[in-house]
Structures are given as structure tokens and as C-alpha cells.
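Listed in order, the protein sequences are those of chains A and B.
For the first sequence, position 290 matches number 289 in numbering that gives the first Met the number 0, and the numbering has no gaps at all.
For the second sequence, position 75 matches number 74 in numbering that gives the first Met the number 0, and the numbering has no gaps at all.
Just to be clear, a hint being listed does not mean it is correct.
Said to hold, decoys possible - Covered stretches of chain A, going by a simulated chain B footprint (3 or more residues, C-beta under 8 Å):
1) 19 to 25
2) 28 to 40
3) 71 to 83
4) 202 to 215
5) 311 to 317
Stated by the list, open to error - Calculated pairs, DSS-like style, for lysine-lysine (alpha carbon to alpha carbon, straight line, at most 30 Å):
6) B:K325 to A:K316
7) A:K55 to B:K316
8) A:K232 to B:K325
Treat the hints as calculated values from the structure; they're not laboratory data.
Glycine is no exception: its CB is placed at the ideal position from the N, C-alpha and C atoms.
2 protein chains.
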Amino acid sequence: MKIGILGGGQLARMLALAGYPLGLDFMVLEPAADACAGPLSEHVTAAYDDPEGLEKLAAACGLVTYEFESVPAAAVERLGLSLPVFPPAGALATARDRNHEKTLFNELGIETAPFVEVHDLRTLKKAVAQIGLPAILKTRTLGYDGKGQQVIRSGDDLQAKWVAIGEVPAILEGLVDFDREVSIIAVRSVSGEMAFYPLAENVHHEGILRLSTCLPDDSHQPLAEDYARRVLKHMDYVGVLAIEFFQVGSHLLANEMAPRVHNSGHWTIEGAQTSQFENHLRAILDLPLGGTAPVGHAAMVNLIGELPDTSAVLQLKNTHLHLYGKMPRAGRKIGHVTVREDSERALQARLAQLQDLM
Amino acid sequence: MKIGILGGGQLARMLALAGYPLGLDFMVLEPAADACAGPLSEHVTAAYDDPEGLEKLAAACGLVTYEFESVPAAAVERLGLSLPVFPPAGALATARDRNHEKTLFNELGIETAPFVEVHDLRTLKKAVAQIGLPAILKTRTLGYDGKGQQVIRSGDDLQAKWVAIGEVPAILEGLVDFDREVSIIAVRSVSGEMAFYPLAENVHHEGILRLSTCLPDDSHQPLAEDYARRVLKHMDYVGVLAIEFFQVGSHLLANEMAPRVHNSGHWTIEGAQTSQFENHLRAILDLPLGGTAPVGHAAMVNLIGELPDTSAVLQLKNTHLHLYGKMPRAGRKIGHVTVREDSERALQARLAQLQDLM
């Protein structure tokens, strides 16, 4: 079967790499001529909402998925008229709007940081009074990798902050003094089978994920799985879903979810029995899900902006290089490196060696 | 860099799957329009010796490799004038001729079954007198998967056997009463770094490989590595080389070598720290070689002729499906399944479950 993907970036590329061994073929719809997934798929070079491009996808594919949550809702709707699109449109609509997303979390009994809707400067002022400072002003939609966010501290000019995020619908959220940031990669198939990967601890810098470390047997695993299960079931979800949490003591505060394969799950390619990419495909094809148990001790380091000496990276045993075929540019994710070792101690030692090459 | 591959079958497909994460792109030269590697590479649909096709490869690629040993020598020579071609032409010439191959093994002090050249019916009779029966008559070139071979037993009509292999240059080889068939996957980079995978035990049926099981810490490993090292060094070899042996007691009799990634090394995709496909690419690009240590206990089962119920296969935890995108046809390799478990015992139990689905 041919799988259509809206978006042809690194996530589409890794989906294709995981899917060929399952006997699948791929077609991506992506406006950029130099799409990462282009060389290993049929590439329809058109806007995501281009009727002709969508028609091509619908005619050639048996199923469509997407690799980013800001895919136009109209495109998903249009495709949905002629073939299955997973994850479901409802999940996409919820996940792309921070207010809907956090409201849903709370409705499902999942803790979040305190948050309030913001429409204009007046409601921003009111929100600050309600939430207190410091807090973060976040656009409701189109934010990723720290974009569309402004931290507000006591004494800051609220008007300037409002302008900085583009004067668009937003939320103000209490700044959480967290112990760790963690995420869970969950997956649910068409027929409702569910599986959960071990939590990953995530380290961000300048709003961009830098390091994800698999946490086998973490004490927060049962709570994270319980929360993820509530979301999957409520949304009748199909595919991989990532939920990011702030961990504060024994609490997990849900920060956001992504209705797709996720950067904090890249370690699963070598570090789990089945990768998140393969399991996303199995889920949307209603095939049995693959095992999610960790293989050894794994972590993933993102390559941001520029390439390290790749030969030196490959010199390190038990590391795996994943380049996306992208031109280096400041702040751009151009690849990642996975380290898999037999012990936590060996993993940390190898990560230190790797860090020296960055 | 773009890598050119002569041949677009499953080996080219798996080379491409291993190479994209290294940041490589691929172009295959392959006459079949429905080549396995076609959907994930640029596919030049032309004969292997088509001057225009070779020109395209030479113009677009930085390096050329091949996936089968019967690639026309003239094509390799022609490409070699404008860009590096690995493994080297000399290894190709030796490996494609059983007489040269076995003569080289003996010259390097590597044991083989007794063998004698056969040119015609007269020399076949002489060979039978010298080697004794039972024996195998094998064409010198173009034999694979048991094709071009005839077992001769006492009382058989020699003329009929000679006609059966096509009356072409051949060797007669003593039939070895072996304990096991094993193979080693060896790799050597441009700058001479070498690495060796654990031996695999191979089970053939009707001349076609069915099952390869990784043998961690086998007592024959040092001898196999010693033999492989002699061949790699002698041929100034670059890339992956597979050598198949008959094991008889403490002896290893070299049967044949393949100057390419090899079916008996497919278990390395999940069962070794680095796959044979990635290490072949690292070797020809003169990158540091990846670790060859086994990950758990692994075995590979070929899917021949027809597909099992793939959903039932995927239901088995710790198994990995690899389909080649080929139409099923009797005797055709259309995919393989790798099983990776934590113990030899669990591996054998899982293989038994898998066998039930075949």
C-alpha cells in the first residue's frame, strides 16, 4: 500500500525508512523542493492545501497521515472524504490550539500548569492578576520549538510582550518550577490496541529539544501511561501521540501534546524493540503493535544548526548517526545521534564523549 | 554524497535504507522497471552495460558499488575510469569464478573441499576418477542459490550431468559431509580498518538459504576471522565480504565468497550494533567502521515464494519484518524476518512460533 504524508520533513523521512521494510510505499505532499523525504518517496511539490496536490495524494494512496500539527484543517477534511486520515481530525484540531489542548487535559483529570485565555491587552492584564508572575504568554496556535512564546516577569512591559507574540489569540500560563521535563510516546491502533514507551527525560535549550534520555522503570511511568490512555481513548485516537509533562515531585503537569511521531521519541529507533515510526504505521494500518520495551540504555542528542565532525561521531562505538539531508542553518534540526549502551553509566560516559564533539 | 549501485534488488534497497541516515543519496542502475530499490532511489532503467546508463551514474555519483557479483566486468571497468568502484574489480573477477576463488583460498592457506577444473566430458570423467563420488559439478560462473549445480552419484550418467549444467566451464568438487554450514561477514575500509561479525549458522533447502542464526562466541570464530583477514588483505578489499564455510569438526572448508552484502548477514540489521549494510557504506566511504557486536540473540528466516500472514508475524513480539516490495513467485526471495531475543532459548522458542506461520 502507498501511504500519503502531509509534510516531507525529517519525520516523513523516518516514517518512510521504517515503512519500506513493512512493504509500504510513500508519497509526500510538501511545497519545499528539497524536502528531506523527497529522495525516498514520490514527492508532490505543492502547497498543503493545493487541490491538485491533494487529489494526487487521494488517487495514489490508501491512507494518509501527517508529520506536523499545523497542517491545514481543510486539507485533512478534503482528504478525509475519499480515504482514511490518521490521526483523526479531532485530535489535530485539539492539539493545534493550546487552549483546547489544556482544557481537554483538565477535563480528563490531567493536571496542567494554571492557564487563562488571552484575547487582547486587557485580558492579558487580567490574566497576569489571576495567574501571577512569572508566567509565559503563548500563542494558541502555530507555536513550536519555543516560537510564539514570551516569558513575562515582574516589571515587564505587558504591551511589548503582547506585540512580541504578534497580538494573536494566546494563553497565559503559570511558569512551573519543575524538577524535570519528561514525555511519553503512546500509540493506539485502529482496533484500539494501545502501547506505551518508557518515559524520556528531555532537556531543552533556547526552546529547542537537545537531549532525550530513555527512563526505564521510572516511578512516574504508571501515571504517565494512565494520562496518555485517557487522552487516546477520549479522542478515539489512531497513531502515535506524544505528551510532554513537567514533573514536579510526584505530579506530572501536562504541557502539550503532539498528534504525530515526536522528536523525544527518536531514541526508539535503536533504543526500543520497535521504533515509534514503525508503530505509527502499524497503528494506522491496524496491524498488531510492536513491542515498546527498551533495548539497553538509550539517549538521543539533536544536531542543531551545524554538523559536528561526523567521522568523529561514527568513531564512537554504540552511537548511531541520523542525518536528515538538510542544509545546516542556525537553529535548524539537521539530524540526531542515538547512543545505546548496556548500562546507564556507560551511556552517560558515551554522552560526555559525544558532547565533546559538538 | 550520492552513491551509485549496480543492481536495484533487495540488497540495494537495504543499502539505501541504511545509507539515508548517514546523509547519503542513492542512484541505482537496474533494467527491471519494478526494481525493489526503485521507490527509494533515483532509478536509471537500463541494462547494466548500457553506456548511457553508466554515464548517468558516473555523472551523478561520487562512488559506485554493486549488489551482485555477475555485474559485467566491462561496466565496472568503464565506471572505474571516472570514479571509485568498490569492492575492487579484482575481487569481483575472483569471486565470480569458482575456480579462481577456490584456487585463491588454497593459495592463502584456506582449506576447501577437493576440486578440479572441468572443460568438457573428457575432463569431467578424469575429474570423477580423481575426486571420487559423490561430488558436485558446478559451473564456474553465474551460479547462485543452487543454480548451475548438479550432484553426481555413483552410477549417474556423466553426459546428462554435463548437459544439465549447460556444457560450460565448470569444476567438480568433492561432496563434503559437513557438520554445519557457517558464514562470516567481514568488512574492510579504504584505509584498511577491518571488522568481523559473529559467525552465522546457515540452513539451506533446495539450494536456497532459509535460516541464518548468529553464533555468538563460537569456537570457530578465530579461525574464520583469520581466513577472512587473509582474503581481505590479499585483495586489498574494500566493503563487505561474505565467506561461506563447511564446518567439519574443527576445520572450516571455504565454499564460496561474495564480494557484497550477503543474505546470511541480514540478521545484523537488528541483531548487531551496526548492520552489514551500514558498515559496507562506511567502508567504501572510508568512515570509521561501526561495532559488530551482537545485540541479544538473533536469527533470520527468509520468506521464499509466498508471503505468510504478515499480521500474524507482526503479532510475535521481538520479530522484525523486512519485505522487499517484490511480487511473490515460486523460489523467489521476497523478504525476511529477523528475531531478536534475550536468550538462545527464547530465540529458539520464537523461531518455532514463526515456523508455524510459514
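Handout entry: Hint numbers not upheld by this structure, sorted from lowest to highest
Key = Structure breaks hints 3, 4, 6, 7, 8.
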